[in-house]
Amino acid sequence: MTEQILQPIQVNKKGYYGEFGGAFVPEMLQPNVEELRDHYESIIADPGFQATFQRLLKDYVGRPSPLYFAERLSRHYGAQIYLKREDLNHTGAHKINNTIGQILIAQRLGKKRIIAETGAGQHGVATATVCALMNMECVVYMGAVDIKRQAPNVARMKMLGAEVRPATSGSQTLKDATNEAIRDWINNPENTHYIIGSVVGPHPYPEMVARFQAVISEEMKVQLLEQTGSSNPNIIIACVGGGSNAAGAYYHYLNEPAVRLVAVEAAGQGIHSGHSAATSVLGTKGIIHGSRTLLMQTPDGQIVEPYSISAGLDYPGIGPLHAHLISTGRAEAISITDDEALKAAYFLTRQEGIIPALETAHAFAALDVLAFQPNDVIVVNLSGRGDKDLETYIGHFERFGT
Amino acid sequence: MQPNRIVQVIQQKQRNLLNVYFTAGYPALNDTETIILSLEKAGVDLVEVGMPYSDPLADGPTIQQSGQQAIQNGMTLPLLFEQIQSLRRHSSIPLMLMGYYNQVMQYGEAAFIKRCTQVGIDGLILPDLPLDEYETGLKPLVEAANLAIAFLITPQTPLERIHRVDALSQGFIYMVSSASITGTQAGLSESQLAYFEKINALNLKTPRLIGFGIHNRETFATACQYAQGAIVGSAYIRTLEQAADIETATQDFISGLRL
Ligand SMILES: Cc1ncc(COP(=O)(O)O)c(C=O)c1O
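Protein chains in written order, with the numbering used here: chain A, 1 to 402; chain B, 1001 to 1259.
To be clear, the hints were calculated from the coordinates, so they are not data collected in a lab. Among the hints, a few may not be true.
Partial list, computed: chain A residues near chain B (C-beta under 8 Å) [unchecked claim]:
no.	residue
1	Gly22
2	Ala23
3	Phe24
4	Met28
5	Pro31
6	Arg183
7	Ile186
8	Ile287
9	Gln297
10	Asp300
Ideal placement from N, C-alpha and C gives every residue a C-beta, glycine not left out.
Generate the whole structure from the sequences, applying the supplied hints.
This is the structure:
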């Protein structure tokens, strides 16, 4: 065989997708990261694990999540638009797919204490939820700014029995919460498992989280076949903070080049406004949270504080899988401003009666940017619901709601 | 080739070596020279110059805040290299740069190493650079430049990696005293002493300096019983934070540590 075959998109042994990934962690974290790396695949492959995982996804989370044909949106945009309803999961977002998987891993590694970072609070709530379910101690780090703008989720975490610790360094958002969680893990290396909420961090986190979220595209294949006669759509659209809902929606299509993958980032107040989180445009190669990827930084390598109205997209990096997909052209990145996202949230609400999370609203705004053929099948990953964002939405009612 | 100053001082003294960390650009942007000269005068054996970083994962609040302040003051790597070049006209104390790998990546690995040798840096500590990545990347550059490089071990480091760290480290092994970030202020516990003894018994080829949580005469003395010396960081930053005069404060701080 001399012919060059297209390289399948997958992680290698050292945790790289192409040139992105790896595990750049201090020695203090090395044993924990290696323990996870050496065991996660065999734990996931174990039939006992799978039986529990599948049962919880079905009966506790409520999977499969519906694939809904959005008739009015389809008419408006002139394409066949389907919504993957991750907002209907227990706790209201895709995040719980991953926390169920990771808590079962933590149990099998004999861990007693769980830590997590959270931006929008959805991952924090999903972590606090599985900790209540499994009777484990739970500490969630959250930027002080995010604690204010996502108050309902802070209250939910507290009710669920988690301790919410404010991160007060830097811009007091997701990046800083992640730093604090990593430092906690360094200080508690033996009894604690760190449930990372996105496809970021040192290997094996990006791949492990992607595999737990891959249930999204696994179901999509079956549901699309049933509803359209083909398991492949033309385009999949998902918002990208760290990139976990997008990774899950893309996963089983990564090696199907005919399926266009669209990654929607937060442009904040505008890509070049100095208040943005559009990492694929503003980012350069570097290391953030233990992974070689694209990130927003100064020429001196200092990480730049990002900005987005959406706490879950307010992150200066993207997962290494997405850095690889975007830099090789497998996925296309679109940046959406705060205002465009707010407008799209109101539009979706009035067209379909679904209030999306602010993160998810960015994915819907991309529908205004892309051009479609009438027969194109589009899937928008509806990553979460907007209950947590009502205060922000109502604050902009005059501009977008009337 | 000139012998490396870090290797040399450790070989000569063998015991009670004192390595002091400070964050470059803190308290004020241009304090670098004053601080290093004061440390040299006070009889410190090695100085670890922290390259301030926005997201120092292995560091506690004291070093984080000093780094934040230093960046705000305007510290950058090009400036730091200039300051060190100018300092070298008056000082021959062994100097290491401590920072995060992203800083080296952005400067450019080859350019960074070249600049280190030009200005008179003797060694590096990059806590988030894993051994594998070092071996396939920076290693030939570091060796060709005859720089020292210290890798970390902790109480959780498995034996196999301790031996790899021993083989790859030049100058000394950075022995982290406990599972923690920098800046803890408790005394050294029984289990930490047991870990020190265990490592001692391995008869590693590379000398060891113990760091993290070394903050007073007692913890320094204990560390020196189990290793060739120790590293003090956060406690010195706290001293600088309150110092009216850097030279006097440094003199007092170091004489308070020394045996
Ligand atoms: C509903 C929702 N969508 C998307 C995200 C962004 O995360 P990711 O890019 O990992 O899917 C978040 C994060 O908080 C979220 O809550």
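The hints, checked one at a time:
Interface restraint check for glycine 22 of chain A: the shortest CB-CB distance to chain B comes to about 7 Å, inside 8 Å, so the restraint holds. For the restraint placing alanine 23 of chain A at the interface with chain B, the shortest Cβ-Cβ distance is roughly 6 Å, inside the 8 Å limit, so the hint holds. A least Cβ separation of about 5 Å between phenylalanine 24 of chain A and chain B falls short of the 8 Å threshold, and the interface hint therefore holds. At a threshold of 8 Å, the smallest CB-CB gap from methionine 28 of chain A to chain B is about 5 Å, leaving the interface hint in force.
The beta carbon of proline 31 of chain A comes within 4 Å of a beta carbon in chain B, closer than 8 Å, and the hint placing it at the interface holds. At its closest, the beta carbon of arginine 183 of chain A sits 5 Å from a beta carbon of chain B; the interface hint therefore holds under the 8 Å criterion. Hint status for isoleucine 186 of chain A relative to chain B: holds, with the closest Cβ pair at about 5 Å, below 8 Å. Interface hint status for isoleucine 287 of chain A: upheld, as the beta-carbon distance to the closest one in chain B is roughly 4 Å, under 8 Å.
For glutamine 297 of chain A, the suggested interface contact is upheld, since its CB lies about 7 Å from the closest CB of chain B, less than 8 Å. For aspartate 300 of chain A, the interface hint holds, the least distance from its beta-carbon to any beta-carbon of chain B being 5 Å, beneath 8 Å.
Going through the hint list in order, the structure satisfies each hint without exception.
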